[in-house]
Structure formats: structure tokens, C-alpha cells
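Please work from the sequences and hints to get the whole structure.
My numbering numbers the first residue of the sequence shown as 688 and each following residue consecutively.
Hints were generated in silico from the structure; no laboratory data involved. Glycine residues also receive a C-beta, built at the ideal position from the N, C-alpha and C atoms. Just so you know, not all the hints are guaranteed correct.
Stated by the list, open to error - Computed Cβ-Cβ distance ranges for the label pairs, DEER-style:
{"hint": "1", "residue 1": "Gly-699", "residue 2": "Lys-783", "range": "29 to 39 Å"}
{"hint": "2", "residue 1": "Pro-697", "residue 2": "Ala-761", "range": "46 to 56 Å"}
{"hint": "3", "residue 1": "Lys-794", "residue 2": "Glu-750", "range": "44 to 54 Å"}
{"hint": "4", "residue 1": "Ile-765", "residue 2": "Gly-699", "range": "41 to 51 Å"}
{"hint": "5", "residue 1": "Glu-833", "residue 2": "Cys-711", "range": "40 to 50 Å"}
Claimed, not checked - Cut-off 20 Å, straight-line C-alpha distance, at most; resulting in silico cross-link-like pairs (SDA-like, lysine to any residue):
{"hint": "6", "residue 1": "Lys-691", "residue 2": "Val-788"}
{"hint": "7", "residue 1": "Lys-790", "residue 2": "Asn-690"}
{"hint": "8", "residue 1": "Lys-813", "residue 2": "Ile-825"}
{"hint": "9", "residue 1": "Lys-791", "residue 2": "Asn-690"}
{"hint": "10", "residue 1": "Lys-818", "residue 2": "Gly-777"}
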Amino acid sequence: MNNKRLMAMPAGELKKWRAADDACFAEAAGKHLGLTVTSQRGDYLTQLNAALDKSVATLDKDERLAQLGKRFGACLGISDTRPSALAGRGRSAFTKQATQVAKKLRKRPLPKVPEGRTPALMPPLKPEQAKPYLEKEIKAALKDLECGKSFYAA
Numbered sequence: 688m689n690n691k692r693l694m695a696m697p698a699g700e701l702k703k704w705r706a707a708d709d710a711c712f713a714e715a716a717g718k719h720l721g722l723t724v725t726s727q728r729g730d731y732l733t734q735l736n737a738a739l740d741k742s743v744a745t746l747d748k749d750e751r752l753a754q755l756g757k758r759f760g761a762c763l764g765i766s767d768t769r770p771s772a773l774a775g776r777g778r779s780a781f782t783k784q785a786t787q788v789a790k791k792l793r794k795r796p797l798p799k800v801p802e803g804r805t806p807a808l809m810p811p812l813k814p815e816q817a818k819p820y821l822e823k824e825i826k827a828a829l830k831d832l833e834c835g836k837s838f839y840a841a
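What follows is the structure in C-alpha cells.
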């Protein structure tokens, strides 16, 4: 179901839909991934983010990646050149920007997210409103790819 239809539901119906969705997801996660979760928006994402954080943190121990990260960071003009910081830098910067724009336009309270995490929201923009953001993101992505081609290949 698309987000527009979900957000148009009365609160009680939305709560029931989310409970059914979580139950279905928990069953699928158990059956196909061997995971024990109670919901996809809380429990599963908490487990997934913890595993990703642990995995990404090991990047900093790789001396070759650390050296490539220094060159990558110098090319981009940024100071935090740890491989773990570089790995998700672009995605997190643009998710943060989209969320800030969405918060300004949002009429409902923000959804609950695990502690220490920021909600990721996409603003409901018309194409002409989104174009400047897209152009900025494309320019940054191309520079990131050029500066980080050795880093990403490693």
C-alpha cells in the first residue's frame, strides 16, 4: 500500500494495518531469514542497524582502506576520513536533507524510531520543487564517485 493511502487512513485503521503488516513481516523474517523479530519498523531495523554498524566499524581497522580514505576525504575536502564515516556519507547527508525539508512541510507528528536514529522522511515535492535538490545530489554523487573510485573498488 502506498504512503499516501496509509496516511489518509483513520488512526485506528492505520494502527490495525501496521499490526497486521508487522505480523506478516515477522513471520516472513522467521521463515526466510531465520530471524526472530516483532516488527519491521522497530525490532528488525534495530537489529539490522546494529549489525550494519558493527560491520562498517570493522572498515576502520583496514590500513589500506584508511589510506585510501585519507585521499578520498582530501579530494572531497572533508575532515572525517575514517572508512566507516565515508561509507555512508552521501546517503546520510541527502537523507538528512530530505528529512529536514519534509519536517517543514509535515502536518502529522513524526513516526517513532529507535533511540539514536533519525527518521528518514521524503518530502512530497512537485518535480519543479525537487529539481534543485536532485541537481545538487547528482553533482555531489558524481564528485563522490570520482574522488572515491579507488576507495569503493577496495
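Hint check results:
{"no.": "1", "hint": "Gly-699 x Lys-783: 29 to 39 Å", "verdict": "32 Å, holds"}
{"no.": "2", "hint": "Pro-697 x Ala-761: 46 to 56 Å", "verdict": "54 Å, holds"}
{"no.": "3", "hint": "Lys-794 x Glu-750: 44 to 54 Å", "verdict": "50 Å, holds"}
{"no.": "4", "hint": "Ile-765 x Gly-699: 41 to 51 Å", "verdict": "47 Å, holds"}
{"no.": "5", "hint": "Glu-833 x Cys-711: 40 to 50 Å", "verdict": "43 Å, holds"}
{"no.": "6", "hint": "Lys-691 x Val-788", "verdict": "17 Å, holds"}
{"no.": "7", "hint": "Lys-790 x Asn-690", "verdict": "16 Å, holds"}
{"no.": "8", "hint": "Lys-813 x Ile-825", "verdict": "18 Å, holds"}
{"no.": "9", "hint": "Lys-791 x Asn-690", "verdict": "18 Å, holds"}
{"no.": "10", "hint": "Lys-818 x Gly-777", "verdict": "18 Å, holds"}
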